[in-house]
Amino acid sequence: MKESGLPLPETLIADAGYGSESNYVAMEDEPFDTLIPLNTFRQEQKRSFAKKQFHPYNWTYDEYNDVYWCPNKRKVMFQRYARRTDTYGYTRDFKIYECESCTECPFKSACTKARGNRQIHYNPVYEELKAKQHRKLNTEDGRTLYQKRKTDVESVFGHVKQNLVFRRLYPRGKEKVHIELGLVALAHNLRKIAARNRLSKKIPDNKNKNSLIRRQKRQSVSLFFMGLLGQPLV
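Numbering (my numbering), first residue to last: 1 to 234.
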């Protein structure tokens with residue numbers, strides 16, 4: 001978008017599939033706001049989530065001593081730092097917490113499948129950025145914007161996949177993919193213009209029919225090129 005020279009959006013909205021730490025960190029340096037939930041955002045909003053007693057989010061946390069308390073009232077203490085690099089080369093930092101002892105705990109089978117003590121792998125950077133996104137999504141403005149995305153964007157995807165039966169990219173390479181998606185977007189816009197014209201004017205049954213059709217075609221072409229110059233493709 002920056003390379004195209006088009007104006008940047010005030011708010012960038014994406015679905016939960018983009019709610020990764022690397023994306024959150026990258027967006028922190030951008031001049032626009034973001035609304036990108038985590039893929040578990042909806043689950044965490046449900047009442048049933050608060051009843052999951054073995055999820056660390058629902059445990060008591062002592063910030064002063066940096067200690068969690070498990071449902072069996074045992075300490076889950078900080079042990080060490082760890083670093084992991086994913087398949088994309090992005091490195092994440094974790095704090096590892098471990099229960100003081102899960103021996104003879106009546107909840108162990110429901111709490112963890114590990115042979116040893118229960119551990120928590122906490123990512124401070126990710127948790128902070130995720131909480132920031134969730135706070136914005138829980139505001140009235142955030143909810144309104146994100147709901148609007150579903151009708152503005154998802155309906156286009158559904159139309160292209162279902163009605164135009166375009167469900168995969170066949171060429172390889174960014175340039176060829178860009179051309180193919182551009183053709184699909186043009187077809188989508190032309191269908192919208194044609195549908196708009198059909199709804200806006202009724203075609204008479206008599207002698208004015210042909211002249212009206214020609215006028216509509218000229219209007220469609222004009223609207224099409226205006227769309228190319230001043231509007232996004234989809």
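One or more of the hints may lead you astray.
Here are the simulated EDC-like pairs of lysine to aspartate or glutamate, each with C-alpha atoms no more than 20 Å apart in a straight line [what the hints assert, rightly or not]:
1. 132 <-> 10
2. 132 <-> 175
3. 148 <-> 15
4. 2 <-> 44
5. 46 <-> 100
6. 132 <-> 86
Using C-beta positions, here's what the derived DEER-type ranges look like [to be verified]:
7. 168 <-> 114: 38 to 48 Å
8. 154 <-> 77: 43 to 53 Å
9. 10 <-> 157: 37 to 47 Å
10. 52 <-> 8: 35 to 45 Å
11. 192 <-> 141: 48 to 58 Å
12. 58 <-> 23: 49 to 59 Å
13. 103 <-> 157: 20 to 30 Å
14. 69 <-> 156: 21 to 31 Å
If you are wondering where the hints come from, they were derived from the structure by calculation, not from laboratory data.
Owing to the predicted nature of the structure, the values given are computational and were not obtained by experimental measurement.
All residues carry an ideal CB built from backbone N, CA and C; glycine is no exception.
- request: Sort out whether residue 175 lies within 20 Å of residue 132, counting only the CA atoms.
  value: 36 Å, violated
message: So if I understand the rule, the pair passes when the alpha-carbon distance is 20 Å or less; does residue 148 with residue 15 pass?
response: 12 Å, holds
- prompt: Are residue 132 and residue 86 close enough, with their CA atoms no more than 20 Å apart?
  reply: 23 Å, violated
- prompt: Would you say the C-beta atoms of residue 192 and residue 141 sit inside 48 to 58 Å of each other?
  reply: 28 Å, violated
- request: Take a look at whether the Cβ-Cβ distance between residue 103 and residue 157 falls inside 20 to 30 Å.
  value: 52 Å, violated
- prompt: So does residue 52 sit 35 to 45 Å from residue 8, Cβ to Cβ?
  reply: 40 Å, holds
message: Hinted pair, alpha-carbon criterion (20 Å max): residue 46, residue 100. Please report holds or violated.
response: Roughly 31 Å between the alpha carbons, so the hint for residue 46 and residue 100 is violated.
- prompt: Does 43 to 53 Å hold as the CB distance between residue 154 and residue 77, or does it fail?
  reply: 45 Å, holds
message: Range first: 37 to 47 Å. Now tell me if the beta carbons of residue 10 and residue 157 are that far apart.
response: 23 Å, violated
message: If I claimed the Cβ atoms of residue 58 and residue 23 lie 49 to 59 Å apart, would that claim hold in this structure?
response: With a Cβ separation near 27 Å, residue 58 and residue 23 fall outside 49 to 59 Å, so the hint is violated.
- prompt: Does residue 2 pair with residue 44 here, judged by a C-alpha cut-off of 20 Å?
  reply: Violated: residue 2 and residue 44 sit about 34 Å apart, past 20 Å.
query: So does residue 69 sit 21 to 31 Å from residue 156, Cβ to Cβ?
result: Since residue 69 and residue 156 have Cβ atoms about 48 Å apart, the given range 21 to 31 Å is violated.
The structure does not agree with the numbered hints 2, 4, 5, 6, 9, 11, 12, 13, 14 stated previously, though it agrees with the rest.
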